[in-house]
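From first to last, the protein sequence lines are chains E and R. Read in our numbering, the first sequence has 304 at position 304, and its numbers run on one by one without any break. Read in our numbering, the second sequence has 203 at position 203, and its numbers run on one by one without any break.
Warning: the hint list may mix true and false statements.
You can't tell identical chains apart in this list, so a pair holds if it fits in one copy or across any two.
[Said to hold, decoys possible] Pairs of lysine-lysine residues, derived as PhoX-like cross-links and limited to a Cα-Cα distance of at most 25 Å, are as follows:
id: 1; residue 1: K214; residue 2: K62
id: 2; residue 1: K96; residue 2: K58
id: 3; residue 1: K45; residue 2: K58
id: 4; residue 1: K58; residue 2: K214
id: 5; residue 1: K58; residue 2: K163
Keep in mind the hints are simulated off the structure, nothing from the lab. The structure presented is a predicted model; accordingly, all values stated were derived computationally and were not measured.
One-letter residues, chain by chain:
Number of protein chains: 2
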Amino acid sequence: MKLATLNNGTRDGSLIVVNRNLQWAALVPHIATTLQGVLDEWDSKAPRLEETYRSLNKGEIKGFSLPPARLAAPFPRAYQWLDGSAYLSHVERVRKARGAEMPQSFWTDPLMYQGGSDYFLGPRESIRVMDEAFGVDFEAEVVVITDDVPLGITPAHASSHIKLLTLVNDISLRHLIPAELAKGFGFVQGKPASALAPVVVTPDELGEAWDGAKVHLPLRTYWNGKLFGEPEAGEDMQFDFPQLISHAAKTRSLSAGTLIGSGTVSNVDWRRGYSCIAECRVMEIIARGSAATPFMSYGDRVRIEMEDRHGRSIFGAIEQEVSR
Amino acid sequence: MKLATLNNGTRDGSLIVVNRNLQWAALVPHIATTLQGVLDEWDSKAPRLEETYRSLNKGEIKGFSLPPARLAAPFPRAYQWLDGSAYLSHVERVRKARGAEMPQSFWTDPLMYQGGSDYFLGPRESIRVMDEAFGVDFEAEVVVITDDVPLGITPAHASSHIKLLTLVNDISLRHLIPAELAKGFGFVQGKPASALAPVVVTPDELGEAWDGAKVHLPLRTYWNGKLFGEPEAGEDMQFDFPQLISHAAKTRSLSAGTLIGSGTVSNVDWRRGYSCIAECRVMEIIARGSAATPFMSYGDRVRIEMEDRHGRSIFGAIEQEVSR
Numbered sequence: 001m002k003l004a005t006l007n008n009g010t011r012d013g014s015l016i017v018v019n020r021n022l023q024w025a026a027l028v029p030h031i032a033t034t035l036q037g038v039l040d041e042w043d044s045k046a047p048r049l050e051e052t053y054r055s056l057n058k059g060e061i062k063g064f065s066l067p068p069a070r071l072a073a074p075f076p077r078a079y080q081w082l083d084g085s086a087y088l089s090h091v092e093r094v095r096k097a098r099g100a101e102m103p104q105s106f107w108t109d110p111l112m113y114q115g116g117s118d119y120f121l122g123p124r125e126s127i128r129v130m131d132e133a134f135g136v137d138f139e140a141e142v143v144v145i146t147d148d149v150p151l152g153i154t155p156a157h158a159s160s161h162i163k164l165l166t167l168v169n170d171i172s173l174r175h176l177i178p179a180e181l182a183k184g185f186g187f188v189q190g191k192p193a194s195a196l197a198p199v200v201v202t203p204d205e206l207g208e209a210w211d212g213a214k215v216h217l218p219l220r221t222y223w224n225g226k227l228f229g230e231p232e233a234g235e236d237m238q239f240d241f242p243q244l245i246s247h248a249a250k251t252r253s254l255s256a257g258t259l260i261g262s263g264t265v266s267n268v269d270w271r272r273g274y275s276c277i278a279e280c281r282v283m284e285i286i287a288r289g290s291a292a293t294p295f296m297s298y299g300d301r302v303r304i305e306m307e308d309r310h311g312r313s314i315f316g317a318i319e320q321e322v323s324r
Numbered sequence: 001m002k003l004a005t006l007n008n009g010t011r012d013g014s015l016i017v018v019n020r021n022l023q024w025a026a027l028v029p030h031i032a033t034t035l036q037g038v039l040d041e042w043d044s045k046a047p048r049l050e051e052t053y054r055s056l057n058k059g060e061i062k063g064f065s066l067p068p069a070r071l072a073a074p075f076p077r078a079y080q081w082l083d084g085s086a087y088l089s090h091v092e093r094v095r096k097a098r099g100a101e102m103p104q105s106f107w108t109d110p111l112m113y114q115g116g117s118d119y120f121l122g123p124r125e126s127i128r129v130m131d132e133a134f135g136v137d138f139e140a141e142v143v144v145i146t147d148d149v150p151l152g153i154t155p156a157h158a159s160s161h162i163k164l165l166t167l168v169n170d171i172s173l174r175h176l177i178p179a180e181l182a183k184g185f186g187f188v189q190g191k192p193a194s195a196l197a198p199v200v201v202t203p204d205e206l207g208e209a210w211d212g213a214k215v216h217l218p219l220r221t222y223w224n225g226k227l228f229g230e231p232e233a234g235e236d237m238q239f240d241f242p243q244l245i246s247h248a249a250k251t252r253s254l255s256a257g258t259l260i261g262s263g264t265v266s267n268v269d270w271r272r273g274y275s276c277i278a279e280c281r282v283m284e285i286i287a288r289g290s291a292a293t294p295f296m297s298y299g300d301r302v303r304i305e306m307e308d309r310h311g312r313s314i315f316g317a318i319e320q321e322v323s324r
């Protein structure tokens, strides 16, 4: 099943069911009006939405043509966004960029931060930045969305709480981050609002690419129309999603509609390219002594997308431009 | 005006208007059913709620007796909780406890972290902890709640966005925090769900104790019935609320219903006592070489309350017990 949110001028938008090939959509006010409302009562709502989804795919119900420009983030706002950093090649490279070593404990203790979730940018919404000199960077990631997760859940029991998946552009202001992280309290200014992909999908939509813990597909990032990276999301992920959920729930329960991010998808094999500029710059420094690739400028565009093994877009594309 | 949320078995509860002396309440479904709904449309909803509040205070409408045991947190869940740490005597002492110096920049650059807001404990809800050995501590703070705050707002313009105030118990697991903060990504496991006071109030309820930037009243914390601290919230607050809001909004707008905390209220003059155990322990170490006061045990109770200059409770009391 694929779900999205239509921008209707309100804060939460209108929930829509979207067909598999992302061409048709149907409003479902008789079932739920918002995606949060679905997560709040997943067991009763999801089967009814699945029914609409099947009918839409078969052409049994007449939907309307999906208007990509009118899509809000699937969650225009959410109660929780916890972002892991499970690809250690990313962690190692980005830390190297700010002159920090990666401690040995990072191999066994997941990195995770509490992100801002009061507003998620829509898939085509501009990245508004007051100053280019902040060092604007994209970070392409996979995200899972949970129902209610009990306190102290083990990784073995966490997978069944993953109800939906999508992609995120976890926008980072690189030049603000070193001073902010040095304070120890995580990101407030260094990470403005993130953008979500057009649709969220249930795990079954991924077929064999989903093993209950990781997504085994490449995540492609394009910068100004040029392929910048296509690392395999299922490789080099040191902590899988059930482990990240278990880490987050060690001392508290997680409420329905919690988004948990993989962290920037990154492979040890740098030839597959990068999901953020910072990694590319570090590899340039290692190879040539200095970084040649600048961060994003006003007018720059980023596109983030994941296709199945047949080349069909799963979540639709995040396509954003940096604006003043 | 004073507002609260009745636990009605749903995730968001039912909004109620509470009279000034916290004895009577009225449901207002014709105006709004949730506190978030009020913040979403403050300008149109607040005047109508104020009218109900006036009538309730005058006895013109018949409310029901406020049932303290049935109150949820005013926001049972919220889209954003950003907690500052504006009292530097707290910061200095707590850092000393984990062997860290306080950098000079902390006098000019506010400390703030993004906290979990997917669930706030009600004012009488137990602090459920899986292991006493986590080092359970309370932190008594003042919180402001904003409407929509534009990106890049200056402190001079931020005060008018403060629509409501309340108190929070920002529960901390002291023994998990040093390793977590060393990673630089802030708190995930070290800060489980916080508890909010029974009611939120508009700034005018504070009278002269509110100067548009700070609350000039003592904040009292009792541990197992004994007064543990009564620091003045208006003293030694290095960054006032408009400055904290401006800091948070440097690179992003803040959505209506954002909670911003003062950090643990603390005075340089230690004779007024403490709003958390960690500070008390550090002062013991300085005075005697070792900490005599333990952290909280199962069955321990904490009470946090602020009274006006006539001894009347403003927000009602947070009263919690630590449970397994």
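Hint check:
1. With identical chains, the CA atoms of K214 and K62 are never at most 25 Å apart, being 35 Å at best within one copy and 57 Å at best between copies.
2. Neither within a single protomer nor between protomers do K96 and K58 lie at most 25 Å apart by alpha-carbon distance, with minima of 51 Å and 65 Å respectively.
3. Proximity of K45 and K58 under a CA criterion of 25 Å is satisfied intra-copy only: 20 Å inside one chain copy versus 45 Å between copies.
4. For the identical chains of this complex, K58 and K214 are neighbours neither inside a copy (29 Å) nor across copies (61 Å), given an alpha-carbon limit of 25 Å.
5. In the homo-oligomer, the alpha carbons of K58 and K163 lie at most 25 Å apart inside one protomer (23 Å), although the nearest pairing across protomers, at 50 Å, exceeds that limit.
Hints 1, 2 and 4 from the earlier list are contradicted by this structure; the remaining hints agree with it.
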